[in-house]
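Enquirer: Chains as they are written, first to last, in the working numbering: chain Y, 309 to 610; chain A, 309 to 610; chain U, 23 to 280; chain D, 23 to 280.
Honestly, the hints are just simulated from the structure, not real lab data. Predicted, not measured: the structure shown is a model, and the values here were computed from it. One or more hints might be untrue.
Pair ranges (Cβ atoms, derived) [stated by the list, open to error]:
no., chain 1, residue 1, chain 2, residue 2, range
1, Y, E594, A, E603, 57 to 63 Å
2, A, R313, D, V278, 49 to 55 Å
3, Y, A610, A, A398, 46 to 52 Å
4, D, V78, Y, G578, 55 to 61 Å
5, D, Y86, A, T424, 20 to 26 Å
6, Y, G597, D, A261, 53 to 59 Å
7, D, G51, A, A420, 46 to 52 Å
8, U, G51, D, Y86, 56 to 62 Å
9, Y, G597, D, S177, 14 to 20 Å
Just so you know, even glycine gets a beta-carbon here, dropped at the ideal spot from N, CA and C.
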Amino acid sequence: MVDLRTEIAGVALRNPTMLASGFLDETGGSMARVYQAGAGAVVTKSVGPQPREGYPNPTIVELDAGLLNAVGLPNPGVIEYEHEVKRAQAAGAVVIGSVYGKDADEYAAVAAKMSTYGVQAIELNLSCPHAKGLGTEIAQDEAAVRDFTREVKDVVDIPVFPKLSPNVQDIAKFAVAAEEGGADGIVAINTMKAMAITPELKMPSLANRFGGLSGPAIRPIGVRAVYDICEKVQIPVIGVGGVGSGRDALEYIMAGASAVQVGTAILSRGLGVFNEIAREMASLLEEAGFQSVPEAIGVAHA
Amino acid sequence: MVDLRTEIAGVALRNPTMLASGFLDETGGSMARVYQAGAGAVVTKSVGPQPREGYPNPTIVELDAGLLNAVGLPNPGVIEYEHEVKRAQAAGAVVIGSVYGKDADEYAAVAAKMSTYGVQAIELNLSCPHAKGLGTEIAQDEAAVRDFTREVKDVVDIPVFPKLSPNVQDIAKFAVAAEEGGADGIVAINTMKAMAITPELKMPSLANRFGGLSGPAIRPIGVRAVYDICEKVQIPVIGVGGVGSGRDALEYIMAGASAVQVGTAILSRGLGVFNEIAREMASLLEEAGFQSVPEAIGVAHA
Amino acid sequence: MPRIQVVPLLEIVRETPTTTTYRFRGDLGGKPGQFLMVWIPRYDELPMALSHLGAVKGITVRDYGDATHALAAFTAGDRIGVRGPYGNAFQLEGPSVLAVGGGSGMASMIAAIEAFAQQGARVVTAVGARTAAELLFVERANAAGEMHIATDDGSRGSAGFVPTLAEKLLARESFAQVITCGPERMMAAVVDLARQKGLPVQASLERYMKCGIGICDACALDDKLVCWDGPIFTGDQLAKSEEFGRYRRDKSGRRVPV
Amino acid sequence: MPRIQVVPLLEIVRETPTTTTYRFRGDLGGKPGQFLMVWIPRYDELPMALSHLGAVKGITVRDYGDATHALAAFTAGDRIGVRGPYGNAFQLEGPSVLAVGGGSGMASMIAAIEAFAQQGARVVTAVGARTAAELLFVERANAAGEMHIATDDGSRGSAGFVPTLAEKLLARESFAQVITCGPERMMAAVVDLARQKGLPVQASLERYMKCGIGICDACALDDKLVCWDGPIFTGDQLAKSEEFGRYRRDKSGRRVPV
Ligand SMILES: Cc1cc2nc3c(=O)[nH]c(=O)nc-3n(C[C@H](O)[C@H](O)[C@H](O)COP(=O)(O)OP(=O)(O)OC[C@H]3O[C@@H](n4cnc5c(N)ncnc54)[C@H](O)[C@@H]3O)c2cc1C
Ligand SMILES: Cc1cc2nc3c(=O)[nH]c(=O)nc-3n(C[C@H](O)[C@H](O)[C@H](O)COP(=O)(O)OP(=O)(O)OC[C@H]3O[C@@H](n4cnc5c(N)ncnc54)[C@H](O)[C@@H]3O)c2cc1C
Ligand SMILES: Cc1cc2nc3c(=O)[nH]c(=O)nc-3n(C[C@H](O)[C@H](O)[C@H](O)COP(=O)(O)O)c2cc1C
Ligand SMILES: Cc1cc2nc3c(=O)[nH]c(=O)nc-3n(C[C@H](O)[C@H](O)[C@H](O)COP(=O)(O)O)c2cc1C
Ligand code: FES
Ligand code: FES
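Chain Y extracted, bound-state conformation:
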C-alpha cells in the first residue's frame, strides 16, 4: 500500500489533504468534525484582531463551474477564537491558524497570539486590502508580501505559510518574495476575483457585487500557479483550488505541491471527500508505480 503520510516544513500529516480556510472552520466543533472525517489537517477561518461580521447576504452563489463568495472575512477575533482552536485540538486535530490584519504589525500580533494556542503552523491570508497599496491586496504587492512574512516570522517560532492570490500577472514572483521574507512554505491559490449577475433582477448576485471564485473553475489556474511557483522557490508548496478528487490532488502534487487543501468540493462530495481523495490518490499512485507521496511531488516538471 502507498504510504500517504507527508510532511511540510516539519508539520507531519497523516495524509496530504487539508481543510481550506473559510470552510467549516469558524467553530471548534466543526473543525473537529472535519478532522475526524479524514482531513490531514484543518486550516482555521482567517482570524483578525477584532471580531468582524463580514458582508451582508447574499454572500455565496453556486455557479455551474464553481462557487462565488463574498463572505467578507467574518470571524470572532483572535481572542475569542482560542476556545475554538482548543476544542478542535481536544479532538486530536492538526490545526493551522490562518490570520489576517490591516498592516504588518497586526498580522504579527494576531499570529503571535494564535501561536500560543498550540497551532502547528501559521497561514497568512494576504488577500486583504493593503492600506498603503491603494486598494490592491497585500498579495498583489511583492514588497508587502516579503515584509509581512518577515514580521510574522520574527514573532513566532512555528512554520509560516503565506497564502498567495492568483489575481496577479506572475504569481511566482510573489512566491519568491515570500521565500525572501523567510516563509517556510507557500499556499496557492486563493480565489479568483469574479462576478455574477442575476439578469432577472438586473443586479450582481452578491450583496458585495464582487467576490472570489473557487471550485473546479480555478483548478487549472491553481495547478499552473503551483507549477510556476515550484520552478522558482525551494520551500514546499500547498496547492489549493478546485481539488475534488484524488486525480485533482495528484495534478497539484505532480505540479510540485507537497499537500493540497480542499474547500468547495465539500459541497459536491460531503465531508467524506477527504477520505475519498486520500483513497483515490493511493490507488492512482500505486498504478503509477509510486510508493509514497513525496516520490510523486513535482514529477510533471521532468
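Could you slot chains A, U and D with the ligands onto chain Y? The hints should help.
Expert: Just chains A, U and D with the ligands, lined up with the frame of chain Y:
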C-alpha cells in the same frame, strides 16, 4: 418583440453574438457557415504576417469546467488569408479581422493589409509575447497596449478593438490605456493562463505544457472584467468568456458589454448556439421589460 | 445553471398584523420542515421555511428586521430569488403527534401538521402567540386535527405560555411523538417535557445562516450544522447539546446567549 | 472528469512490415468508421480509426512519421491516451456492398466490412497495397465475404491500382452501394466510378486534425469539418466539393494540393 439589433462603433449587428477568434475561423467556408448559423458577426482567427503552424498536439483538452488550449496561433498568414475573408464575405458575413504581430509595426502592417479585404473592424489580439517586455504579453504592459493601438489606428480607417488579457492585476487600467491609444472598443477577455496534468502519465496534458482556459470556468472572471472596464472607459466593450446561453450573454450586457463573443459553447450546444442565445436573450429581455439590447447595457451598475 | 431561481410573487396574504405569506411558483420540491434561502433583492438573503408545499409554494414571514420589513412592502409581481429546498424534514413516527408551535415557528411546522394528518396520524396542535391577533395558521391546524391555543395575554385560548398548554395535553392523552418550533427557550421547555415522558421529539432550530448548504459554518450548533444536519434535531441530539437553549453564534461567529 | 482516458496497451500485433495494431480496453463505444484522438505521450496526438470495436478496442497504425514511428517502439503495458470516439459512421444502405480499401485505409473500413456482413449484407472487398506484404486485413475481409486483391507491383492479386479492380467488380455484378478509404486520389477515382454507375458511395477522408471535436477548423473541407461532419462523406457531398481530391490544409491552414 425585442429588437436584437445592436451597433458597436458603427458596426451594425443583426444580433449581439459574434464568433470568438480561434473557433472555426481559419477558413472562409467555416466562417460563412457560422454566420449562416446565426452569428451577428464572425471574428477571424488571429492572423499574422507569416504562416504559422502552431504548437504540436495535444493542443486542446476538455476539462470539467472548460476548455484548455495551446494551439499556438496557427494561421496561413495575412496574404493567403485574403481568400478566406473574401469567401466569408461572399456569403454575406460581417467579418472582423483579428491580427497579431511581434511588434507594433507588424501589427500595423497586418492590420493595414487586413483592412483592404473589406473587414468591418480590426480586433487586436494582444496576448502575444512582447519582445521588449521580457516574456510578458503585450496585454500585460499598459504602455504597449496604448502604443500598439495608436500605431494601428494610424494606418486603418475602420474601428479598432484591442482584446485584453485577464492575466493582470487590474484589467481596467489596460482598457484605459487602449482608450488613450484611440481604441474604438475593447474586447475582454482572452483565455486565463492555466495548466492541466494527466497524472496517469505524470505529465502536462498539453504538448506546450501551459495553455489558456476558456468556457464556463472563466465567465465570472470575464463578467467582472467587463464590469470593471465599463466603470473606467467610455468606448463600447465586447464581452467574451464562457457565454453559452442568453442568460450568460445578459450577464455581460448588464455588466456593460454591447455585444458578446461565443467560442467554447459551440462544443456543448453546436452551431445553433448563436440563434439560441439570441432567442433566449430576447425572451429574458422581454420578461425584464426591455425593448432593445442597448437599454439593458450596463444596468447592473445601478 | 445557477441554483437561484428568480420568481415573481403571485399572491401575498396577510396572516397576522406582523406576518405575511408570499406565494410563488418555483421549480423545486420540498418536504415538511425544509427551508429555502430567500433573496430579498437589495436587502438580504434569509432562511425561510416552506409553509406551503403544493405547486404554488409559500413562505410565511414575520416583519422583524430590515429585510423582512422591506419584504412586507413587496406587491404581487415583484420578484424574489429562492434557492433550495435545504435541510431535513419532520418525520412521522407513530399514530399520534403533538405539535407545539410558538409565534412564527408555526410557519416551519404547518406543512408537517398537514402532511402527518394526511398520512392518517391524529395531530393535536398547541399554538401559542403573544396575543390573539398574532396566532398563525390556526385554521389550517384545526382542519388537520385538533387545535388548542395559548396566548401570553390570555386574549384567546388559555392564558400563558404554550409549553404549559402542551404539558396539559401530554397529561391528558398519550402521544407517539412531539414536534415543535418557536423561540428556542420555548422549544427547550417542550423538548424537556417530551423527554421526561420518554417521547420522541423533533425541534426545528433557527440560526443565522449565510450559505445554507453546509460550508460556511455560520449556523454551527456544537459540531452540527443547522442548515445541513438540521434544521430539525431530535430530542436525543439536543439533550447532548452544549449550546441548544443556551448559545447561538452572532454574525462574526462569536458564541452569544440565546 | 477529463475526456482523455489513459489506457495501457494490452496487445501489439504486427499486421504488415509498416503497420501495427494496438489493443486496449477503454470505457468508450464506437461505430464502424469512427475515430479516436490518440495521444502518443511526448510525441503527438493523432486521429486513428477504430479497427476493432469489441470490448478490447484496437487501432491500426502505419509507421509513417515521427509520432507513429515512436509508437512502433511501444510495448505491452505502455500507456497511451485516447478520447472519442468521434465522427460519423459508415451506413449500410442495401443488400450488397463493394468496399474498396487502399493501404492503411483498410483500418477505417474493416469494422464496417464486418458489421455489414453480420447484418446480412453481401460484402465484396477490393484490397489494394503497394506490395503483397503491405496488404492489410485480408483475412478479416475474406472471412466477412468475398475478397479481391490488387498490388501495384503485382506481387499478389491483380497488378495495378485498386480502382481498376473495383471497376471490374462493378462491371461483373451490381452492388447496392460502395464504401472506400485510402489515399485521397484513389478515393476520388472510386467515388467517380460509383457515381457513373449511379451507386451511393461513402468515402472516409483524412485531414490534419487538432481538436477532433469541431472547433479549431484545422480539418476544414469546403464548409465542412472532417472531424465533425465526417470523416465519412457521401458521393453527393464530395461531388459538390471544391477541395476533395484537390486540396487539403497544412498545419498553418494554408490550402495545399492533396
Ligand atoms: C431554518 C430556518 C427557517 C426559518 N423560517 C422562518 C419562517 O418561516 N418565517 C420567519 O419569519 N422566519 C424564519 N426564520 C428566521 C428568519 O430567517 C430571520 O431570522 C428573520 O426573519 C430575520 O429577519 P430580518 O433580516 O428582517 O432581521 P434582522 O434585523 O436582519 O435580524 C434580526 C435577527 O434575525 C436573525 N437573522 C438575520 N439574518 C439571518 C439569517 N441569514 N439567517 C438566520 N437568522 C437571521 C438574527 O438572529 C438577527 O439578529 C427561519 C430561520 C431559519 C434558520
Ligand atoms: C479520421 C482519420 C482517421 C485516421 N485513421 C488512421 C488509421 O486508422 N491508421 C493510420 O495509420 N492512420 C490514420 N490516419 C492518419 C493519421 O492520423 C496520421 O495522419 C498519420 O499517422 C501521420 O503520422 P505521423 O504523425 O507519424 O506523421 P507526421 O510526420 O507527423 O506527419 C505526416 C503527415 O501526416 C499527417 N498528419 C500529421 N498529424 C496529423 C493529425 N493530427 N491529423 C491528421 N493528419 C495528420 C499530415 O498530413 C502530415 O503531413 C487517420 C486520419 C484521420 C483524419
Ligand atoms: C466561502 C469561502 C470562504 C473563504 N474564506 C477564506 C478565508 O477566510 N481565508 C482564506 O485564506 N481563504 C478563504 N477562502 C478561500 C479558500 O480557502 C480557497 O483558497 C479557495 O476556496 C479555493 O479552494 P477550493 O476550490 O477548494 O474551494 C474562502 C473560500 C470560500 C468559498
Ligand atoms: C482553441 C482556441 C483558439 C483560440 N484562438 C484565439 C486567437 O487566435 N485569437 C484570440 O484573440 N483569441 C483566441 N482564443 C480565445 C477566444 O477567442 C476567447 O477569448 C476565449 O476562448 C474565451 O471565450 P469562450 O469561453 O467563449 O471560448 C482561442 C480560444 C480557443 C479555445
Ligand atoms: S449556513 Fe453555512 S454552514 Fe450552515
Ligand atoms: S480537428 Fe478541429 S475542427 Fe476538426
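Enquirer: Looking only at beta-carbon atoms, does the pair R313(A), V278(D) fall within the given range of 49 to 55 Å?
Expert: violated, 40 Å
Enquirer: Indicate whether the distance between the beta carbons of V78(D) and G578(Y) respects the range 55 to 61 Å.
Expert: Roughly 36 Å apart at Cβ, these two residues miss the hinted range, so it is violated.
Enquirer: Does the Cβ distance between G51(U) and Y86(D) fall inside 56 to 62 Å?
Expert: The hint (56 to 62 Å, Cβ to Cβ) holds, given that G51(U) and Y86(D) are roughly 57 Å apart.
Enquirer: 14 to 20 Å was suggested as the range; check whether the CB atoms of G597(Y) and S177(D) agree with it.
Expert: Since the Cβ atoms of G597(Y) and S177(D) sit about 46 Å apart, the hinted range of 14 to 20 Å is violated.
Enquirer: Can you let me know if the beta-carbon spacing of A610(Y) and A398(A) is within 46 to 52 Å?
Expert: Given a distance of about 50 Å, which is inside 46 to 52 Å, the answer is holds.
Enquirer: That 57 to 63 Å hint for E594(Y) and E603(A) (C-beta), does it hold up?
Expert: holds, 60 Å
Enquirer: Within 53 to 59 Å or not, the Cβ separation of G597(Y) and A261(D)?
Expert: holds, 54 Å
Enquirer: Does the Cβ distance between G51(D) and A420(A) fall inside 46 to 52 Å?
Expert: About 51 Å separates the Cβ atoms of G51(D) and A420(A), which means 46 to 52 Å holds.
Enquirer: Please check whether Y86(D) and T424(A) have a Cβ separation lying inside 20 to 26 Å.
Expert: violated, 41 Å
Taken one by one, the earlier hints fail for this structure at numbers 2, 4, 5 and 9, listed in ascending order.
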